[in-house]
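J.: Chain residues, written in single-letter form:
Number of protein chains: 2
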Amino acid sequence: MPVRLDVRDAGFAAGFEALLHAKREASEDVQTLVAGVIDQVRTRGDDALIDYTARWDRLTLTADTLRIGRDEIDAATAKCSAETLEALDLAAARIEEFHRRQIPEVTDYRDAAGVRLGARWTPVGAVGLYVPGGTASYPSSVLMNALPAKVAGVERVVMVVPTPDGAINPLVLAAAKRCGIDEIYRIGGAQAVAALAHGTATIRPVDKIVGPGNAFVAAAKRQVYGLVGIDSIAGPSEILVVADGQNDPAWIAMDLLSQAEHDTSAQSILITDDAAFADAVAAAVDKHLETLPRTAIAGESWREHGAIVLVGDLLADAPALVDRLAPEHLELAVEDPDALAARIRNAGAIFLGRYTPEAIGDYVAGPNHVLPTARSARFSSGLNVLDFMKRTTFVACDAQSLQAIGPAAVTLAMAEGLEAHARSVAQRLPGYNGL
Amino acid sequence: MPVRLDVRDAGFAAGFEALLHAKREASEDVQTLVAGVIDQVRTRGDDALIDYTARWDRLTLTADTLRIGRDEIDAATAKCSAETLEALDLAAARIEEFHRRQIPEVTDYRDAAGVRLGARWTPVGAVGLYVPGGTASYPSSVLMNALPAKVAGVERVVMVVPTPDGAINPLVLAAAKRCGIDEIYRIGGAQAVAALAHGTATIRPVDKIVGPGNAFVAAAKRQVYGLVGIDSIAGPSEILVVADGQNDPAWIAMDLLSQAEHDTSAQSILITDDAAFADAVAAAVDKHLETLPRTAIAGESWREHGAIVLVGDLLADAPALVDRLAPEHLELAVEDPDALAARIRNAGAIFLGRYTPEAIGDYVAGPNHVLPTARSARFSSGLNVLDFMKRTTFVACDAQSLQAIGPAAVTLAMAEGLEAHARSVAQRLPGYNGL
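Chains as they are written, first to last, in our numbering: chain U, 16 to 450; chain S, 16 to 450.
The following block holds chain U by itself, in its conformation from the complex:
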């Protein structure tokens, strides 16, 4: 059964603390294995990729067939239904539109001292996108990872996707095509990450690697970090629904299950001020579980990690709890969701009102569905255009403005014992004759 807590109970603080810090994922120690794979790819290049793919994906490749050809991408797209391709296109267009509004502007101004100052943003040169194979091969994730990079102006977006036994989800290739990606390699695992980071004879290295993956992929990303940039390592999905008693319990129950069905480690939490409604939601969850195809996964997630938290007053009590949970997805199914949202600091994405189920954001709303998990919304943001750009500041002094601000720099440099710093500025000031 999911945990049930009431803010008015004596044991609440301890129970909530336990909920906050419960481990949901076993961390596999794959460091050593992954380090070996990276080393092999670094030294043996394509040959290592071919060997690992034969061993783990049961697929025989050559340097010439590592890449998925344009004809293959077109053929896969032709296999998808018109309805699905239209839905994909609507999703892509909406994601592009939302993300385009995030392109930052140049700052360039001259201040009172006459110093010209500013900052500009430029796209990362080349980005690698990891797409998992098998059941977690989601076309929607291709859109969510690739489109912000494209909107940012990244010139080269490369995709890697394992094709165990040669199988690939055609809609994944269709999604790549919709994003304008035509450099795709049929490799996965730590070896694919290593190839993107170090390059091989066939695959040129990239500057940054993004996209979800299993424990091997995550470990490989951590190990190549520094040589290339990486996105944050995503944990199991989470949803926190704050709902009053005026909702249809069946709706809220399905919203909770929509994240629970991802993974047995996923977490769904309901905060409500209505005990009878809480009971009704719990009953509706059990009822939905009878008919959902992924009932085994969703059921285990709900029983092991689910929680229902009762509070006295939503507006007064919920925000502090939400901020401590810092959920990936926050659904506010209340009459005035804006009033509640205004009091909340920590959440990856907020879904406002009774007609905004979280799942709409997974596909077509427009904002990104790659969001901070495991309470990291306290300090980090969902994937966005700025993740594919970097900021360069600039300064320009002339003789006069350097004279205005330079002496203070000389003073501070000398106070820090850095005389070359001091002289580098002082030598450009009038009357310099050594320090």
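What the hints contain is simulated information worked out from the structure, not anything from laboratory work.
Heads up, some of the hints might be wrong.
Part of the chain U face toward chain S, derived, beta carbon under 7 Å [said to hold, decoys possible]: (1) Glu276; (2) Leu304; (3) Ala357; (4) Arg360; (5) Thr371; (6) Tyr378; (7) Ser396.
Okay, the calculated beta carbon distance ranges per label pair [claimed, not checked]: (8) S:Arg339 / U:Ala29: 50 to 60 Å; (9) S:Gly26 / U:Arg59: 25 to 35 Å; (10) U:Ala331 / S:Ala37: 58 to 68 Å.
By construction, the Cβ of each residue, glycine as well, lies at the ideal position given by its N, Cα and C atoms.
Start from chain U and add chain S according to the hints.
T.: Just chain S now, with coordinates in the frame of chain U:
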């Protein structure tokens, strides 16, 4: 002697590649030791802090004296000269002014489908700032790390600084005071990072930890990453000067040395189109080294890691080399620096023209001096206000707009085999009677 390369030589490509990938830092393996320290602080709290500080900083503390009192901060400030405090104040005011322009705006709009969409930024709740002790205890770094957090609106900024044998640089405390920081603990090393991340009876935990440190501090930051956010791990300083023959060689030589004096692992590189000028700069470096107090450090850095690269034409040849080096600091000492800057993609900060020595940016220009090193300017940015904020997206549909975009979400969810996602949306559409 520094490496000398000419773009027109046969061996250039190989030589430049070697320059790019030369290791400058020995990586100490301190993982296990640091893991033990973190574990002790997590389980024994203040007692562990007190024990480690006695052992490594030769300082006896109690839970009551861990924190540096306001009186002590005031007394330290009173010890600083008026000239230094004024310089500090000018620097702080300029850093604040530059960073204030970066505060992002809320996005909030309704699109053609009637969906309300947007994103808002909120400050991180609590930030810990690590300040090294001893010789690398730089007041300017206190300003550069703390002020963006304050500008972002972070409510609680905590500082930790080791005070070996009880000694502390008074100007560091004066800088903290100028930044409005009054929660300061006299602890350092991995134990201080652990205390910030996990909290102790005396020190409440923070959400993000920033600031430079030695190998132990860096390893501790990596290990607590996930539980809290961290900034990027900074490597040794770098400067790349692109200069034509019209500069004073003594000026450019001192600019190169201003970074070389930081650390024997620092790297200073000159790109020029004038061989005679290159010779003159090399001679001026040697001359300056005769009189600089930190000549041993700067000289070793220049000899071991310095480089002079000759090119045929600066505007045509330099940008590609700069982008591959992706320097932390880029000085463009040429007649038309803007034309050159426009062709460059990768640099942490750019210093434009003959009167903008890089050192002005270390102290008073305004932009941050915490910048990406080791070629990471290819994919990352200098410290800025957004590092202390996080972005929450939001979506609001009503019954009608959900009807407009919902069916596409249902289609995609079903294509991905996620039926609870599909039903979560579909149940809110008119005429829903199961999928």
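J.: With reference to the structure, classify each hint as holding or not holding.
T.: Tested hints:
1. The beta carbon of U:Glu276 is positioned within 7 Å of a beta carbon in chain S (closest approach about 4 Å), and the interface hint is therefore held.
2. The interface hint given for U:Leu304 is violated, since its Cβ lies 9 Å from the closest Cβ of chain S, which is over the 7 Å cut-off.
3. Taking 7 Å as the C-beta cut-off, the interface hint given for U:Ala357 is violated, the closest approach to chain S being about 10 Å.
4. This hint holds: U:Arg360 has a C-beta 5 Å from the nearest C-beta of chain S, less than the 7 Å allowed.
5. About 5 Å separates the beta-carbon of U:Thr371 from the nearest beta-carbon of chain S, less than 7 Å, and the hint is met.
6. Interface restraint check: U:Tyr378 against chain S, minimum CB-CB distance 4 Å, threshold 7 Å, status holds.
7. The closest approach between the C-beta of U:Ser396 and any C-beta of chain S is roughly 4 Å, which is under the 7 Å cut-off, so the hint is satisfied.
8. Restraint check, S:Arg339 to U:Ala29: a C-beta distance of roughly 55 Å satisfies the suggested window 50 to 60 Å.
9. A beta carbon spacing of about 26 Å between S:Gly26 and U:Arg59 agrees with the range 25 to 35 Å that was offered as a hint.
10. At about 60 Å, the beta-carbon gap between U:Ala331 and S:Ala37 stays in the expected band of 58 to 68 Å.
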